Amino acid sequence: MSSDTLPIPLRVSNKTAYVWDVDDIATIRSQHRLCGVLTGTLPHLSQQNVFLGVPLILFPEEAALLVDIGAAVLVDDPAAYKQPTVPQLERWSAEQQESVNTQATYNETKVAKENQSGRAISEEALRKRKEREERKRTQAAAKAAAEALEGGTSADALFAPTEPQLQTPSVSDPTSSSAEGSKKSNLPYTIVIPASSSSLEWYDASDCTYATIESARKAGIWDYPATLSERARCGVFKDLWKQGYFMGGGIKFGGEYLVYPGDPLRYHSHFAASVLESPLASLHPMEIVAHGRLGTATKKAHLLCGWDDDKQEVSYLSVEWAGFG
Amino acid sequence: MDDSLEKPSSLFPKTPLTDEAPEDDEQLSDEEDGGLDWTKLLPPSARPIIPRRGEKEFEPRSGGGTNLQLHVLDRSRLAMFDTLRATRTISSKAVSYAVWHPDISRSHVTVARGIHFSNMGHSAPRSVQGEDGTSKMQRRLELLPEEAIYLIERGSVFCWKKSDLEFGELPGLSDVSGTPMTVQQAFSEMIGKEDLTIEKFQVYAYLKRLGYVVTRTDPPDSYYPIPPNLSVSKTTPIMQRIKTLFASWMSTLVQAVAPAFNWWKPVSLSHWLHHDKKYLSLFQSMRFIPSGHSTLPTIQSNVTTPYRIFYNVYKPSTPFKKSAPPPPDFQLVVVNARTAPMPSLQELSDLFDILPEAPLPTPRQRRPPTCAANNAPATPPTRETPARIASSPLAEKSLVRRMFPWLFFATPPAPPMPARRPNPFMALKSGKKIVIVAAVDSSNTSFFRFSQGEFTEWPMV
Amino acid sequence: MESHPSFPVLSPFIAKYPRSSSSLFQAYNDIVYAQQWVDVEVLDLPSCSRGAIKGKKRGTEETLFAVPCSLSETLNFAWLQDAFAQLRPQNVTETITDAKTTRSSPPSLYLAITSQDASIVYYKLSQGIVKPSV
Amino acid sequence: MSLITPNTRARGGGGAQKGGVRRYEHNKIYAHPLPLLFVEPPPSRIGSVLGLLGLSLTRIENPHCEGVFDPTTRSVWVTRPDDALILWRRGFFGKGDLSRSEPSWLARQTNIRASGGKQLTSEEVTARRRAERRQFKLDRAAAIAAVAEEAEEIFATEGRVIAPALSGPAIPSAATWRPSQSAAAAEAEAAEDEGRDGPLEDEAPLVDVEHLQLTLQEAFFLLWNLDCLTVLDPQQTHAMSLKEIWLTFQSAELPPTIPAPPNPFDTLQFDNPFLINYAVYHHYRSLGWVVKSGIKFCVDYLLYKRGPVFTHAELALVVCPVYEDPADQQSSSIALQNATPFTWSWLSTINRVNSQVQKTLILVYVTIPARSRVPLDVLRSPACLGHYSVREVIVRRFIPARMRD
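Residue numbers (the UniProt record's numbering), protein chains in the order written: chain A, 1 to 325; chain B, 1 to 461; chain C, 1 to 134; chain D, 1 to 405.
Calculated directly from the structure, the hints in this document are not laboratory data.
Incorrect hints may have been included.
With a cut-off of at most 30 Å between alpha-carbon atoms, the simulated DSS-like pairs for lysine-lysine come out as follows [unchecked claim]:
#1 B/K429 x A/K299
#2 D/K305 x C/K57
#3 C/K56 x A/K299
Note that the coordinates shown come from a computational prediction; the quantities given were computed from them, not determined experimentally.
Work out the full structure: start from the sequences and follow the hints.
Set out below in structure tokens:
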């Protein structure tokens, strides 16, 4: 955590802190020992819930901690999208075009290599075909849209009754259509849907970045911790973190956190920790029974974390089954 | 056994991971978060020996771990980060396009490709400017915020944000319909619209990734197709009237006889009557504590509740027609676990009130006898038929009956269709009306199923 | 109750702390007769309004402490810390001058939780962060 | 008192045949679900004629058990061994205060004294199993550490990575590990030996200090519905009347008021835990369930189909009182547990604990009559129980990945 590294921008929207850049995720995990929760669908592995991808959503405790130690700042994400200027959009479009062209060139050489006959296609023919496809595309797109509407109340007679088949083969798309006059075959090319906004030229967070919880609170984008119980959670979280533990969500194991002796990628948690917001917050013996009982089956102890808001201090009691009785 | 130390690449294996993800959810969600072996996702060439899932160590050796421990950890992290770096790419021949209209919280699908649209999006008439300057109504395909985000983040839709900029004149931008959006921007702008919270989106995406069809329960606009008479349930008006009549008649009757019930001596077995001298009668005569969901007294309830059914969920196997959705397989409430405790009895009752009754669980193996002595219907008994509710003395037990069962001894309540009785434990554990609650605590989702218990209908004696 | 063999030992505590007498009685009997601890003594825990039990498992040397409570009580974190503070290996019943120093308090105690059907369960509470045994 | 019966759940004991014999024995011993017996007269002509008329000569046999109300433990003690036996065997009422279920303390002590006592009580079986389990865990941990050490060595010298294994041929698994050679078993035996030696030295004659303890709910159920239990006052001077018991059991559950109010009725309130628990207990008993404490699984009750010796409990009950009028909750002197909805974390915890042991969690909601609706006077008699109501909500985890077809 050298001082020359820039603070990590946490993208805040709807009072949730997201991390979209993988380098930031790596820094947060490897340097700051915070895990967050990956919550997005992994492209190409989109039919499962076991491995998930960006964005990483931080627990509010984690975000508050990172801001507290100066490792991160809070960015009002919706406010960072400025209206792009025409030149910005042109540059963006040109970039897309370049990518398409590169792919096309690459593919053409590949096709050429494969097609030993090497039948050349004149530029003129290519252009004509392109135009044909253009027309086809427009029709197909309209048709596909109509079909996708699928039997909207047919009061509107603009479209013919729908057909179940939806996969309309279409050969082009809006971005490609702008490739007027390019050396491009009708081979498919790859479109990238960007995850992070930081590469967008018109994404500018300079006027909506907050370095403290307080300033972010004033700006109305962040308000954690606000209550005693949230302060207690933050206090406990930070205290455990300072002692070198990693934390994960513990709601399924009867606490606020799971506490790991090292990175959860490699180590089992030792504790489920529950936060008691004050020394006098009520604690029912049944809770001790349940926590102790749950622990015996999962090889975890339970950690009662008593927060003292006056002293800003945490005390701990560890709970385990006694082994008799 | 050799670790090639090859740097894992971001390429994906062509292994059947996509189809056959390790989806043992029970074990999975028992599994602690982050306890995944990302090295599994590496292409085979880069794959060193792969420890079995869940084979984590107890703790790092003092000082952060041994060299080996640090090495293995680094490798796991690298694999994870490399996987996360994979970009969303899609062929130009498969991609769909949409335009996000923040003013109406909808994304207009301009190019629809792929199977997703057979159960996502709905058609809405919108006025469009014709070329001659006149406006006319035109139906178009629109996505709700959660549908749009989901399709964008899985890399199926490229989304533009509607813009007032004039692009048409510009070379190279003729077909651009607005400003291009990232996944990040979709999360940022679309969540918070049309009642969508991050929790609801997470639950939506979770179910979609498993292949479920998920629709809104309350139509967000008048064009949104919903299943027919979903919120019926309860009983038909006629049944209601019969019940009321019956109840009032019974209560008059009971008032005439009731003083005979001695609360100081609730059970009095006749020394002479035959049917009294059995444990069955003894137990029956003790069943006078009011019970069951129909007896719920009015509970003075408070303010607003987060417990409203939000999603209708259809199994992947359920035939689904977008324009005429069938009754859902499950109905789901999504709450933020940090702000909402579990539902109160009143909240549960309000949910149960609008839910249909689930059919009795069918016995695992045993088929019903082909010819029953009584004139039972040939179909397995479902609780949906009001006829059964009316005819079964057990099901339709008034408060009066519950309180003074001894009045009814003349007609001992024989269990209906004993041959068909499913395993009572299955019926008890499954319950009548079912609601699913997804409680999301900072991205950790727990799904719980709450159902109406009917222990009174399934006595053990 | 009066005729029970434990009554003479427990009666001062039963009289002094009627609300916790049920759990003390059950825990004491279980420890003496079912768990068969030896060198069993009852200690006074005024800040927790109850008696606690000190003893050893048969054949071991370590002094153990059990603090009874009933399922229907409501405790809190400060209460548990007080219990630790007041339990000392040596003559605990003598005046406690520096109850707040945990120096001499035991590293762990057993919470003996009782219910009205005479069920009892024991859970071990340890001060600080003590990782689970293997 | 020899109440000892073979333990059905003792693992590793006997095959199917033995189990069958045991079940047969159990069916005989525990044939009656309630302490009352219906004694059939020998078949006779008169009997069959009366039978046609719907009348019978069957005799109801009431065992007339006796217990003592103990205000300290808020329970009823049954000290006569015969009565304890009847109440346990006919409906599984009560619990030995020094045992896990039926009173077996004396039998255990006798067993220890008679060296080589072969038949283990369930408590002894449990103790042995726990010792073995502990040893297994120690063995496994040691083996894992050894393999890790080896892997470390290889990494340091050869640069090869062997992922630290938690299982494998060198590491014992629960399926393969055998306690025979373990030190723990020996240790456990040594402890038992010592236990045997101890009492022998001082030659003290064994006196049974155990009793069958009935909860107030159990006692009231037996005496109110079945009239098969007499409860003596704490000083054992007289048998308490039903009215006396009704008031005493209610006030036993309330914090003692000092000085005692002049009129005992003044303390009555609808949210008395005795009334709430009784409504629940009675409801499930009347449906034929055997209702036992669930403290070990952090719930209020467990429901057994016939009784704990036959099957495991599959249903775990948590009693959730609901005030019809929230204002009554605000003004109450009692802080009833579970009267407000749980946090998700707590619900997950108790659900997880119970699903680990194959139990389904049932939330039992009991409504507490509103004072504005029902006059307090009804609390003077059990008639008030007609104003409470009981209903169940079943909680289970929902696993979307498993519900797809």
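For each hint, the structure was consulted:
Between B/K429 and A/K299 the CA atoms are separated by roughly 29 Å; this keeps the pair inside 30 Å, and the hint holds. A C-alpha spacing of about 37 Å is found between D/K305 and C/K57, which places the hinted pair above 30 Å, so the restraint is violated. Only pairs whose Cα atoms come within 30 Å are accepted, and C/K56 paired with A/K299 is accepted, the gap being roughly 26 Å.
The structure fails to meet hint 2 from the earlier list, while all remaining hints are met.
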